[in-house]
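K.L.:
Take a look at the letters that make up each chain.
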Amino acid sequence: MSTNEHGRTFDVVVIGGGIVGAAMARELGATSLDVAILEARGDVGDGTSKANTAILHTGFDAKPGTLESRLVARGYDLLGAYAEQVGIPVERTGAILVAWTLEELAALPSLKEKAEQNGYDRCQIIDADAVYAEVPDLGEGVLGGLTVPGESIICTWTTNLALATEAVDRGVTLLTSHRVEGLERYGRRTRLMTDQGPVTATWVINAAGLGADWIDEMFGHHRFTVTPRRGELFVFDKQSRPKVPKIVLPVPSSKGKGVLVSPTIYGNVMLGPTAEDLHDRTATGTSEDGFAFLLEKGGRLMPTLLDEEVTASYAGLRAATEHGDYVIELDAEQQYLLLGGIRSTGLTAGMAIAEHATGLLADAGVDVTPRPESSLPEPPLMPHIGEAGARPYQDDELIAADPAYGEIVCFCERVTRGEVRDAFCSSIPPTDLDGLRRRTRIMNGRCQGFFCGANVQALLDSAGTSTETEAAR
Amino acid sequence: MIEHVRVAIIGGGPSGLTAAAALAGRVGGEVRVFEREAEAGGIPRHSDHPGYGIRDLKRFISGPDYARRLVRSAVDAGAVVETGTMVTGWSGPRRFEITSRRGRREIEADAVVLATGARERPRPARRIPGDRPDGVLTTGQLQNLVHLHHRGVGSRAVVVGAELVSWSAVLTLREAGCEPVLMTTEHPKSESYAAFRLAGRLALRVPVATRTRLVSIAGRGRVESVTLEDIDTGRRRVVACDTVVTTGDWIPDNELARAAGLRMDRATRGPEVDMSLATSQEGIFAIGNLVHPVDTADVAALDGRHVVEAVLRSLTGDGTPATGPRLQIDAPLRWISPQRLDLGHAPSRGKLLLWSDELVRFPVVVAEQGGREIGRVRPPWPCAPGRVFRVPFRLLAKADPAAGDVTVRLAR
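Heads up: the protein sequence lines correspond to chains A and B, in order.
Taking our numbering, I'd label the letters of the first sequence as residues 1 to 473.
Taking our numbering, I'd label the letters of the second sequence as residues 474 to 885.
One chain only, chain A, in its complex shape (with noise of 0.2 Å):
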């Protein structure tokens, strides 16, 4: 890195710390340029990347030869191992695709030969009976189902930090809160303009979600409009997870996805999303509409899951664009690599994504050889905040070791001040409350703060530091 009165200057600098951005960011990290993150907001994952329904996919039920499909399917091995090593969190659940009209169990088979095209060939039809066996809880009227064993559910959040983290590890250079306004090509170079000032780069690649459109309108293109598709969710108590043992999915529709019931890694079920396309990129609210549509289709889909508590209701956005398949284009006169129309897959497809971006650099002549395995430091080992595996406040090995991992702090989701300072240590420290529930799970959870409010505040503001009785002073 070296600066001068342009500001800073990187071989190459990625646009966006979401899931795209970050896996991007360690893959080239682990070459001989010098990179940096551009990340609009104060935290990594803190747009689309955080929001979505958590699932690690097959891709079943992409359309085959497309790219998404392909990188869908290579993302979910590459992501699977890379979950394996570094600690993220996911359970291996399965899924059931759910009919419940005699059209949707006509559609069955032509899904089967789908996923059997998308080199997908688990997937079983089975009769109601069978349906009902697995998830004794639906609602009445299922005719027939498509099981789906390899569909997971994964830990979004630890997947971003967990990249994002090797990436800063490896030498990666993250400027958070670099909100990216202009550019202006000079010589073979690209000068970004940021609300914090200039940043140069040879290489510019656009992973920048939501905003992907415009940054590709900088370079001068009009390749594809963003068009924001809100989906909002419930996530029910944890008391309501027994009755979701796997993730439920509806036949998909000329609409799209449709809603589902799944388990949430955290241990809660989740019910959701609607989709509804907005202009307002920044419309992450949730709304009365979408409320009384959850609620309409849950009562259909499970009627017991709406005697549970809600424990959160939230809002994302996917990044959608009038194209069907991934925007994955490089300009090697501009030296600009756009990374877009990212939709949800992009959680399960981020690594793939990666390694094909880096092969397209390859081709356009830049050195992306690995530095030798030596030089690169271990991968991270993430906190583990899955519902399924041992938690801190279970091990008594580490609580003998540091009795800070026996003080529970967050008593719905058992976070201890252990974890908290852990996360005020870390490669990428929380900025703000919702950046430390990201990485714990603290106030998560069904009081919402009613008795660990006051203390995760204390916790927050002296970064980790405080304990309850000194707050309680």
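The set of hints was computed from the structure by calculation and includes no laboratory data.
Owing to the predicted nature of the structure, the values given are computational and were not obtained by experimental measurement.
Glycine included, each C-beta is placed from N, C-alpha and C at the ideal position.
Some hints here could point you the wrong way.
Pairs of lysine to any residue, SDA-like flavour, derived with a Cα cap of 25 Å [as the list claims (entries may be wrong)]:
{"hint": "1", "chain 1": "A", "residue 1": "LYS243", "chain 2": "B", "residue 2": "SER753"}
{"hint": "2", "chain 1": "A", "residue 1": "LYS243", "chain 2": "B", "residue 2": "GLN754"}
{"hint": "3", "chain 1": "A", "residue 1": "LYS243", "chain 2": "B", "residue 2": "ARG742"}
Coverage of chain A stretches by chain B, computed from C-beta distances (three or more under 8 Å per stretch; other residues unrestricted) [as the list claims (entries may be wrong)]:
{"hint": "4", "stretch": "147 to 161"}
{"hint": "5", "stretch": "407 to 416"}
Based on these hints, arrange chain B on the given structure of chain A.
P.N.:
Structure of chain B alone, referenced to chain A:
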């Protein structure tokens, strides 16, 4: 290693501490209270205003003072109060796992008293849509922030609810220098209208919008406004504020009760208990606001004395789980506690506890069994939403333990 205690009390609030004080020294072994907070005392610890201890201690003292006295009584009686210790799950019928700074341990008890209390439903559980800005709090979080952490909370607050606890929230907001600009209630009257006159004077009259519901919350970063709807006319208006306090709407902290497989009451969402406060499982008892969400701290505390007899019976091998006829209710009554009759026992303080969704100034309460009226009382007080409606147990004096369920309702 499994530690053994004679009686384990889970929850160190008013009811748990009172039970500990009453049981310690009488059970031939250790009575231990498990409290997950750093200090025992429960919600009164952060309710820094007078009004505590009236029925149980015959005093009129502040919440923190009350909490300290209860802790001292339990300890003086010989109970062990283990704070910073959370019960995280069951490993046997009366055996459970705990986590604290001292590690993870298992506790086996001859009798278990659940006293985990209640909390207010937060915004998501109330299914309130909109943006997700900072500044949306329950009363519990508000009081914790202000009274224990001495923090500011904003400058203009809308308080959702007009129950007793809502007025408590108003007092706390005032103390924190935050102006409560409006209270809202879906009911036609402020729920706690008697207390309204008292607290309303103290709080210098906050306007109350009745028959009003909160439609949504707006704000980026911090709350900027709420949208309210007049339930009768459908008219909507936007009120500017930077703080929203959602008050009341209580739910028991019922996770351990449910995880134990206790029979639960659909209406209270706490475990079902009989008049002696026994649950559906032998040797497990439930007291306080876990079973009646939510009553005043002193009434919760008195459950701690009332449960003693049943715990002692159970320890001598004479305990029976709750199996008597069930008490049902009709609207506008929302719940009743206890839910089951047991032979020869009256409830704590000789009162059945009920919750009503409507104000009835001169209520007549009727009990029916097998389609026949078996009791009728006219309490000299109204029933009002937002606070417990107490009915003398003599209503059920003629109930036949062998004749099936009993329905309690308001006469029209």
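K.L.:
All hints, please: hold or fail.
P.N.:
Evaluation of the provided hints:
At most 25 Å may separate the alpha-carbon atoms for a hinted pair to count; A:LYS243 and B:SER753 meet this at roughly 23 Å. Under the criterion of a C-alpha separation no larger than 25 Å, the hint pairing A:LYS243 with B:GLN754 is consistent with the structure, at around 24 Å. Of the pairs offered as hints, the one joining A:LYS243 and B:ARG742 holds, with about 18 Å between alpha carbons and a cut-off of 25 Å not exceeded. Three residues within the 8 Å Cβ limit are the bar, and the stretch 147 to 161 of chain A against chain B gives 0, so the coverage statement is violated.
Here the stretch 407 to 416 of chain A counts 4 residues with a CB under 8 Å from a CB of chain B, which clears the bar of 3, and the coverage holds.
Hint 4 alone, counting from the list given before, is not met by this structure.
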